[in-house]
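Undergrad: These protein sequence lines are chains Y and G, in that order. Yeah, the first sequence ends on 1177 if you go by the working numbering, and it's all consecutive. Yeah, the second sequence ends on 1177 if you go by the working numbering, and it's all consecutive.
Rather than coming from a laboratory, the hints here were simulated on the basis of the structure. Heads up, the beta-carbon is just placed ideally off N, CA and C, and yes, glycines get one too. All clues stand as given, with none of them false.
So the derived label-pair ranges between C-beta atoms look like this:
1) Y:T1087 - G:E799: 38 to 48 angstroms
2) G:D873 - Y:E985: 41 to 51 angstroms
3) Y:T1080 - G:K1079: 49 to 59 angstroms
4) Y:D894 - G:S783: 40 to 50 angstroms
5) Y:T1080 - G:E796: 35 to 45 angstroms
6) G:R800 - Y:G1097: 58 to 68 angstroms
7) Y:S998 - G:D1106: 53 to 63 angstroms
8) Y:P1050 - G:S783: 36 to 46 angstroms
9) Y:E1011 - G:T828: 44 to 54 angstroms
10) Y:T1087 - G:E796: 34 to 44 angstroms
There are 2 protein chains.
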Amino acid sequence: MSSLTMALIVQKYGGTSVGSIEKIKKVAERVIETCERGNRLVVVLSAMAGQTDALMRLSKEITETPDPRELDVLLATGEQMSVSLFAMAVKSMGYDCRSLLGFQAAIHTDQIYGKARIKKIDTDHILKELDENRIVAVAGFQGIDERRNITTLGRGGSDTTAVALTAALKATVCEIFTDVEGIFSADPNICTHARKLDRISYEEMLELASLGARVLDIRSVEFAKRFNVPIHVRSSFTRDEGTMVVAEKKEMERVLVSGVVSDKNEARITVVKVPDRPGIAFKIFDPVFKAGIVVDMIVQNPSAEGLTDLSFTVTKTQFQETLTLVRGVAQEIGAENVLGDQDIAKVSIVGLGMRNHAGVASKMFETLARENINITMISTSEIKISCIIEEKYTELAVRALHEAFGLGNEKEKD
Amino acid sequence: MSSLTMALIVQKYGGTSVGSIEKIKKVAERVIETCERGNRLVVVLSAMAGQTDALMRLSKEITETPDPRELDVLLATGEQMSVSLFAMAVKSMGYDCRSLLGFQAAIHTDQIYGKARIKKIDTDHILKELDENRIVAVAGFQGIDERRNITTLGRGGSDTTAVALTAALKATVCEIFTDVEGIFSADPNICTHARKLDRISYEEMLELASLGARVLDIRSVEFAKRFNVPIHVRSSFTRDEGTMVVAEKKEMERVLVSGVVSDKNEARITVVKVPDRPGIAFKIFDPVFKAGIVVDMIVQNPSAEGLTDLSFTVTKTQFQETLTLVRGVAQEIGAENVLGDQDIAKVSIVGLGMRNHAGVASKMFETLARENINITMISTSEIKISCIIEEKYTELAVRALHEAFGLGNEKEKD
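Using the sequences provided together with the hints, build the complete structure.
TA: See below:
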């Protein structure tokens, strides 16, 4: 078969898929299988599960604040190990294969160590290896900046490597192999009726990713959306089709709500009765942002004459630090009190259909009310509605919403 | 102090010197000390002790015969780890430092994976980092070939990296830090009177290295000799001066014998009563060399009319394989028998003085005879005499020779 008629596929295997020597061999077998069906293959690998954490711990033994440049050099060994072991496995099975690291695959990034962004990929080297009928194994998560320093893309960066390579090589599809079967209408551990979605739009996936569905790294979805790269999220352990993440299409618009997702990892801080003056939000958030704390939802609403309540959420791990910072400015801005609550959860529904359908929000509120679940914060976007509720009601809320919007296996949603 | 007046020093620390996080910090302190005395520093590091073996074992779990290219990619992570951890340690102590891997330090090698030779080093990158007042930490043992594949230099390769960098950078000296205090006139574990040598010539060091003194890798000494690079072998654990390995000088010629060294790692094979015809040696050694077996001593002497005995030594680990191969050709060449003996040791004396002094060999034989030690093979070079004896007499032979040639601390040798 000439290489012109063969499909070029990029496959990415995460840390749990290559978590042991046995698993690496299994991945090699699966890659060879795909190859034998007449495809050319570029395989992106993460570090073996636990390896990146182990390296991080090692660096912390040297110093609490390891130099970012050197930390990237250290962390890059994780993918270097898995990619060389994988190439050995493929070769031992009689197929030609070469590993390429960031500098060899010419994955050029900016200079932000620890969370570099891919700027350009020179595909010459990869294409040459493909032309010589080799399977190409590319180390995920790593690149080089313009001075040939090693950079890493941050947690989940291998997804971005895979999507960027798919775009640069104009490959047919980017297959992301993971330990779940695809994207579900809700967490199957919470909702027994949760349904695997056949396809989902980039926009919906972005909302789901940012809402705590940890299947795909959010930056890889942004990248895929920008370059229109089709992603196929599927299981390392079965041959079943997973979920296609693709550009929005006409028929998708009929779907009102695609999924329900919950996140117990946030905590809420409320600044009570602040005089409603210009610059108040800046005064509250300036020290928080300067401390590098990521704020998720922000809601402000008037409480009494000339006064306002301002609530926002941060991750539970940054809760205490944030509370201390905000209490530090409370007096200066004349707030009556600063309250904190860690026993909260965020429940969200996501769907392209919301754009054109009124009533989705009220159906959500009604459903939660029927279950006697109190909503303490609400935040909406074009295709998402998030509610903060008491943590203990999380699973009840997810199941009720999943049922109410007809997402389950029993009742097809459209 | 201007950089023009500062000495440039290359230091190399081996695997035991960087065998733990604590030891890496100690090395960082020592490097900073040298820096504060007004020197510019390039530091070459090996992988942490045990790391290369661990990676090797991992590759063997994939396949008994790992692909050489991918094995080098895997092994190179060892030095990548130690060099990044070291740079972090130095930076955490307030000094600027950068790690450079083979491709960044531009260490160009040939394409022989697993035992590549350094062809050229482009020093631009290193010099630039030095000019910016950084300590430069270079990963030992690794380079890149002309197609930017990662190569490794083989066991002990970091010594060669350090010597090659010293030559390329025209540095003042190459300091090799190790777990011994320098080069001794004999193994201090065998000879309590063994004396640390202040200096030794490249030629003597080459003989000592090839005779089993594992302080310096032999290829690094060859490299140093070729480019006249002074090597200072010294201890990681003390501040004492070690041994300078330098070009032969006039005053050195007065030294008759520099050291005694023994090696229990060899075994002997004797082909008994072969018809003494042209091509016999070729027939015996052809299958042995083709199997990649390294033969050390070869001795042939006539046994009876038209017949000859041929003996040679190989390492004990390759003994059985070699014996099988040689027995396979024994009948074809009409040999009477093939004998093997593993209970042997090689005892050698090395010294530049032998060139001009007769009687050194006879003094060696006389000394061994006085101790009733039988010699079964003898091999000589310009500055070395090696005898094969029964293994159990090794320590006795070393002590007797050390005493006979006056090498000890009590009696100065010249």
